[in-house]
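Student: Modelling step: build the complete structure from the supplied sequences, incorporating the hints.
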Amino acid sequence: MSRTSKAYIAGIYEHPTRKAVDKTIPQLHAEVAIGALKDAGLTKDDIDGYFCDGDVPGLGGMSMAEYMGLNITYTDTTETGGSSYVVHVGHAVEAIAAGKCNVALITLAGRPRAEGLATLGARDRGGELPERGFEIPYAPVVTNMYGMAAMRHMYEYGTTSEQLAWIKVAASHHAQYNEHALLRDVVTVEDVVNSPMISDPLHRLDCCVISDGGGALIVVSPEIAKSLGDRCVKVLGHGEAVKHLNGGRFDLTYTGAAKSGPIAFAEAKLKPADIDYASIYDSFTITVLETIEDLGFCEKGQGGKFVSDGNLISGVGKLPFNTDGGGLCNNHPSNRGGMTKVIEAVRQLRGEAHPKVQVPDCTLALAHGTGGQISSRAGAGTVILGRNDA
Amino acid sequence: MSPQERLYKDPDINMETERYWEGAGNGQLLMKKCNSCGKTHFYPRAICPVCTSSDTEWYEASGKGKIYSYSIMRRSEIPYVMAYVTLDEGVTMMTNIIESDFDDVKIGKAVEVTFRKTEGNKSLPVFRLCK
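Chains A and B, in that order, give the protein sequences.
Quick note on our numbering: the first sequence kicks off at 602 and runs consecutively.
Quick note on our numbering: the second sequence kicks off at 8 and runs consecutively.
Check each hint, because a few of them may be wrong.
Covered stretches of chain B, going by a simulated chain A footprint (3 or more residues, C-beta under 8 Å) [to be verified]:
hint: 1; segment: 15–24
hint: 2; segment: 36–49
hint: 3; segment: 67–77
hint: 4; segment: 93–99
hint: 5; segment: 102–116
No lab work stands behind these hints: they were computed from the structure.
Since the structure is predicted, the reported quantities are computational estimates derived from the model, not experimental observations.
C-beta: ideal position from N, C-alpha, C; glycine also.
Tutor: Given below as structure tokens:
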């Protein structure tokens, strides 16, 4: 079967650093770009489109384009937090299909660990943020915000801490084989539920790591993909959404994936049961659980049962996920995990994941990013990818 | 026994929201409702996010509601209860639950508004469990 694809992912690169004390952020952007170009077999001068988040140094992508010496005729600085890079893939595909560019570079880089950025303390971004006065005095931080989503999901569906813990357990089983992973020890359900409570009901081991580094992707036109060979991966579908508090009428038990997922599946003409491997954003265990339900891998409210007993472990369960160890164990560069989600999905489709976690005959994969906070305002991006012969 | 309370940061106040904070200073929880579609929205805005009408009006809410969700922030120098409370008026707002043993805080429990002074002496609506 040969499905049509408007564009292909030709190059990927995940920076091996997890603490970049001796590198600047622009330097990290350049290093990941060079890595992805080398992986694709392209050079800097082939790039005519550049995509990055709104967090890069400079105004949009202009300073980074200058630093890296890019000559571009197309740029996109869509900012939806950690989901940005998944959304960028979709936007790059559309730009290429419209003939606006042929080789799109997407980069992410940051160094929160080296800069000693704490995760405690209310996020205060200043300016004319309209919700600011109604939130900052109450001290919302990422852990208690995700904690409220988990608490409500438990209340409505009977989800348990043990079920959430299985998500971390599965990630740790995969991370043990990743030499770059920040946390390589295999953990048990008991380890997770006995780890210190951070913000009820989330324990320390329900939370992702904080890491430096970044990654890059190269998206190319079908013509260029043909010249580069069969390591190129098809982009079969893309969906995105922004979910927010909706004027005070909202439900914390689902995420924007409930919209982005069906859009992506419809475009790819596929259904969840067709997917061989899934990269699911894992800022916290609850993020994975709600997203799996929203994408349709199980019914709403059944996520706890679905993720239990190793169902997410490669070679054991029905839905192998985050075989690099994910954000929970491997890497969450710059507190933004969407980039590494796409990278591991591409590795799986190329057959280049670690042999211990490689899904046999992996043909169709999904990568999903979540950005911002699922208990207030969050972006969602879903891409469905296919092996070169899919 | 009630847990120790942390210091509250000042709210950001602008011309769209100053009436809300004046009300809080007078012990009132004010909401904005739209005279065109009839719906209350939160946080209060000059323009209704439901129907885009600019015919929006302040009114005093009952100050009563139920806990929609919460999370006890343990890893803080002074632990506190982050919460969303669904008001009887139908909208859900971010707040803290105070004056309550953490073990007593549960989803669905009835709460009522009270006020606390912030660092800069503004009044901040917070909630406590109804007796």
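Student: Give a verdict on every hint.
Tutor: So, going through the hints one by one against the coordinates:
Under a criterion of three residues with beta carbons nearer than 8 Å to beta carbons of chain A, the stated coverage of the segment 15–24 of chain B is upheld, 9 such residues being counted. Counting residues of the segment 36–49 of chain B whose CB lies closer than 8 Å to any CB of chain A gives 4, so the stated coverage by that chain holds, three being the minimum. Here's how the segment 67–77 of chain B fares: 3 of its residues keep a CB closer than 8 Å to some CB of chain A, so the rule of at least three is met and the hint holds. For a cut-off of 8 Å, the count of residues in the segment 93–99 of chain B with a CB near a CB of chain A stands at 3, and the three-residue condition holds.
Counting residues of the segment 102–116 of chain B whose beta-carbon sits less than 8 Å from any beta-carbon of chain A gives 4, enough to reach three: the coverage restraint holds.
The structure shown violates none of the earlier numbered hints.
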